[in-house]
Every structure is written in structure tokens, then in C-alpha cells.
Amino acid sequence: MRETFVATTTALLDEDPRTALVLADISADVFAPALRRHPDRALNVGIREQLMVGVGGGLALTGMRPYLHSYAPFLIDRAYEQIKLDLGHQDTGAVLVSIGGSYDAAAAGYTHQSPGDVALLDTLDGWTVQVPGHRDEVPAMLRTAARHDDRVYIRLGLQENARAHADAGRLRVLRRGGPLVLAVGPMLDQVLAATRDLDVTVAYTNTPRPLDVEGLRLLAGAEVILVEPYLAGTSARLVSEALSGIPHRALHLGVGRAEIRDYGTWADHARAHGLDAAGLRTSITAFLG
Amino acid sequence: MTVTMLRRLTGDEKHAPSAHSTVDVLRVLYERVLRVSPETADAPDRDRFLLSKGHGPAAYYAVLADRGFFPDEWLDTMGRWHSRLGTHPDRVLIPGVEVGTGSLGHGLGLAVGTALGLRAQGFAEARTFVLLGDAELDEGSNHEAIAYAAAIRLPLTAIVIDNRSATHGWPGGIPARFPGWSVALVDGHDHDQIERALSVRREQPHLVVAAVEAKWS
Chain Z
1 MRETFVATTT ALLDEDPRTA LVLADISADV FAPALRRHPD RALNVGIREQ LMVGVGGGLA
61 LTGMRPYLHS YAPFLIDRAY EQIKLDLGHQ DTGAVLVSIG GSYDAAAAGY THQSPGDVAL
121 LDTLDGWTVQ VPGHRDEVPA MLRTAARHDD RVYIRLGLQE NARAHADAGR LRVLRRGGPL
181 VLAVGPMLDQ VLAATRDLDV TVAYTNTPRP LDVEGLRLLA GAEVILVEPY LAGTSARLVS
241 EALSGIPHRA LHLGVGRAEI RDYGTWADHA RAHGLDAAGL RTSITAFLG
Chain B
1 MTVTMLRRLT GDEKHAPSAH STVDVLRVLY ERVLRVSPET ADAPDRDRFL LSKGHGPAAY
61 YAVLADRGFF PDEWLDTMGR WHSRLGTHPD RVLIPGVEVG TGSLGHGLGL AVGTALGLRA
121 QGFAEARTFV LLGDAELDEG SNHEAIAYAA AIRLPLTAIV IDNRSATHGW PGGIPARFPG
181 WSVALVDGHD HDQIERALSV RREQPHLVVA AVEAKWS
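Which chain is which? The protein sequence lines are Z and B, in order. In terms of the UniProt record's numbering, the first sequence is numbered consecutively and its last residue is 289. In terms of the UniProt record's numbering, the second sequence is numbered consecutively and its last residue is 217.
Just so you know, the hints here were simulated from the structure itself, not pulled from any lab data. Quick reminder that beta carbons are idealized off the backbone N, C-alpha and C, glycines included. There could be a bad hint or two in this list.
Partner residues are not named here, just some residues of chain Z that face chain B (Cβ under 8 Å, in silico) [to be verified]:
| hint | residue |
| --- | --- |
| 1 | D29 |
| 2 | D40 |
| 3 | R41 |
| 4 | R48 |
| 5 | G54 |
| 6 | G58 |
| 7 | L59 |
| 8 | G63 |
| 9 | M64 |
| 10 | Q90 |
| 11 | D91 |
| 12 | A119 |
| 13 | L120 |
| 14 | L124 |
| 15 | A278 |
| 16 | T282 |
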């Protein structure tokens, strides 16, 4: 996904003089051609994430469309107040593109992990959050974002589904059956594997914000299960609001709150958080009874 | 005229020293330096002034009203329900205000991005000014912006009002915190000195330290 992001963003910089790229050293090597070709609007500010967002805010104030990129813990967690004030409070936007969300950087430890990025953005108004489940879903997200000035967060990951699915901001039904299991981004294949022989409806979205609450209301019966690749329960408020007034039970699966002080790979962490197919199956069957 | 207007703004006495310390610099900026007026407040190639120290904006409001950016009557209601003027300025609510500020340490980063955006779009005449307080320089975010602007020789002008309000002060004074910037030290009440320091165009970041009475004296 990161390679797709670099290729598409480099092309966007070539095609559209309104676009700008701001880096804080992360991925500066792979963006070297873009930095060289567009010294006025492809910028690397060094290891300064607060400044990266402030610069993005200033560029947007002059009418440009900035793309900001770093590891999720630095881009979102560290620069949270800049995101709140230098973009939202100024009534401007930017396209934030992260890698290293949740436990992708498993071996690097908790300093390089951010399971809470989407929950943090949920404290702010007006953010579109996109979580591609496949690299081929990435270019359209980046190109669409170039055509407006809204606030967009695109969360790139190492884990991918076997196939790309376009969802156009609407929940996409992949299997019809009983209770709804909604998979966000890269969780889809694990959800499909976990529920292969269960009577459930499986739906997919790579745009969890704004959440398609209308689709959720249509698809959810008395039971709904959400599987998200970030902090478990991040979408609980939205599901609760969408189904307000409808008697329902909800299960929210995602990354646990407790820090896992172990290394390994993202797949090891997925297993530890119960987000592999076996773990999901255990949680889902226990919930459905 | 502006002093009379300043007296109309009440309700934020806590920040009075901070506000009144800026009035001369703001007058010089808007009366003699900035290429911006109510008619050109949205022109893409206008000069930009960013008030980073968003607390105590009474002088800022008085100067903007005096220059005709909004009606004088607004000054009488600062901080009240339905007033456009808060005890920190909001760009969405006030014509002529470039950034909404209040939380310290945001204006300089935004100013760097603004100067970069103007340059990228070829607005060679457009200048970017940002006003900070001396205590505000304690915020680490400013140090990120100071170092980067120096490294890329970005032409923008930071004005620091020095009323010695930083809790611990800094060895070497304020210019020592701006390595790689050109520096001018001025009397923060002397309009001609201020104008001279702000009028020079440079191909690198420029710091103007405007000394005023100490906050705690």
C-alpha cells in the first residue's frame, strides 16, 4: 500500500499544481524524485511532526491541498493539537496518510504503534477516515481527496485482503445471511474465513468515517458485530446512535487496550488481540450463542 | 483613535498587559507596512499577518476596526454571546483575521506553511508576518519552525514582543533562540524604528524583537 501511495502521490504532484506534500523524514527516500522535481511544494521538514501539520495548515490557508505523511503514532498521536487547531479550527483541511497504525510495526514496540488514531480523530469534527483493505483501493482515495478541501485520513496497512473492493462510502454486502458482521478494511478476509460456515451477513467498508449509518440500519437486525483494525469499540458510539431506538445487541472487536509487550510480526499481534480468523470465530460464535 | 477604541474593549483585563504591549507594532503593520485592506482581505496575493499570541487581542481588534475590517460597534461586545470577537480571535468569525489562535505555539508553524504556499504559487510580492510573545517561545513547536525556516532560508518575518514574561527567561536573550535568522532590535513603541525593521525585504527569515515594559515590573 505504501508503494501505491508513493506512486500515486508522486503522479498527483506532477499533474496538479495545487497539491503539496509535507514529510517529516519518514518515506523521504522513496519520495526523493518528487522532492527533487517539486522543491516548492514537496517538502521534508525533518523530524518535526508538529511543524509538518502546522505547515500543512498554512499551505491550506493559501489555497493549496497538502498531503501529510508519517507513522500513525507521530502523525496523529503526537500532533493531535495541531490537527485539532491548525486544520479543524482554521476551517481548512489536509490529507493525512499514515503507515504503522495499530501493530504493523510489531517488532518496533509500542512507541511505533497507534491503535488509537481513529479514536483520536473521532474526537474531532468533519474527518473522513479511509482504511483500504487492498493496495488497489488506495489510488482512488488519494485522487478523490485532491479534488476538494476536506479533512481526510487515509490509513495504510501491511495486512491486505486478497481482492480489492470499492465501497463508495456505502457498506458493501459480500454475503447475505443472518446477523450482520461489518468488517473494516483489512479485517475482511479474516472475517470471511472466520464465518465461512456461519449464517451471517458480511459487509465491508473501507470508509468508516463517515460511517454509512443508513446502510447499517438497513443491514443490522437485532445483532451486529463490528470488526475494526484499530482500538476495539472505536465505532461503538456511532453504531449505538445508528441503532438508537432499535433493540439490539452489539459486539465490538478490534485491538485491545492493554499494551502487548512482545514483538514478532503484525500477524503475531493480530493473533494476540483475537483478530485472526480463529480468534474472531471464537468471539463471534460465543456472542451469537 | 485606536486608543479610544482600545478602551471600549472590556472583559479581558487579565490579558491587558499582553494586549497593550502590541498596539504600536500592530498600528505600524496595518498603517504602514501590510499590503492588505478590507477590500483585499481575500486577495490570494495579499500580505499575511498572523497573530500567534492570540490571548489579549484587544489591540488587534481595535486596529482592525480602525482600518475598517469590521464595524466599531463590534468592539463593545467582546466575549459576549453572539459577539464576533472572542477573548481569542477566530478567523471564521472576523474579517481580516488570518488565523484563529489562543493556544500558544501554533502561529509560527502556520506562518511557515503560509509563506511556503505563497511562494509555491508565485506570489513573489506577498509577505508573511507573525507576532509572538516572548513567553510563547517556550513552546517546543516554535523551535521546530525556527530551525526549519532558517535551514531553508524562508523569507518570513517573526515579531516577538519582549515584555520579559517568560518564566525562566533564556540565556543570551531572544535573538539567541533564532540561529540563522537576521535580527533587528527595536523600541516597541517607536513607530519609525518599527517600520524600518519591518519594511526590509530579505531572502531569509527575519526576526524583529520589539522591547516594551516588563510585564512584572
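We went through each hint and held it up to the structure:
no.	hint	result
1	D29	violated (19 Å)
2	D40	holds (4 Å)
3	R41	holds (4 Å)
4	R48	holds (4 Å)
5	G54	holds (2 Å)
6	G58	holds (2 Å)
7	L59	holds (4 Å)
8	G63	holds (6 Å)
9	M64	holds (5 Å)
10	Q90	holds (6 Å)
11	D91	holds (5 Å)
12	A119	violated (22 Å)
13	L120	violated (17 Å)
14	L124	violated (14 Å)
15	A278	violated (45 Å)
16	T282	violated (46 Å)
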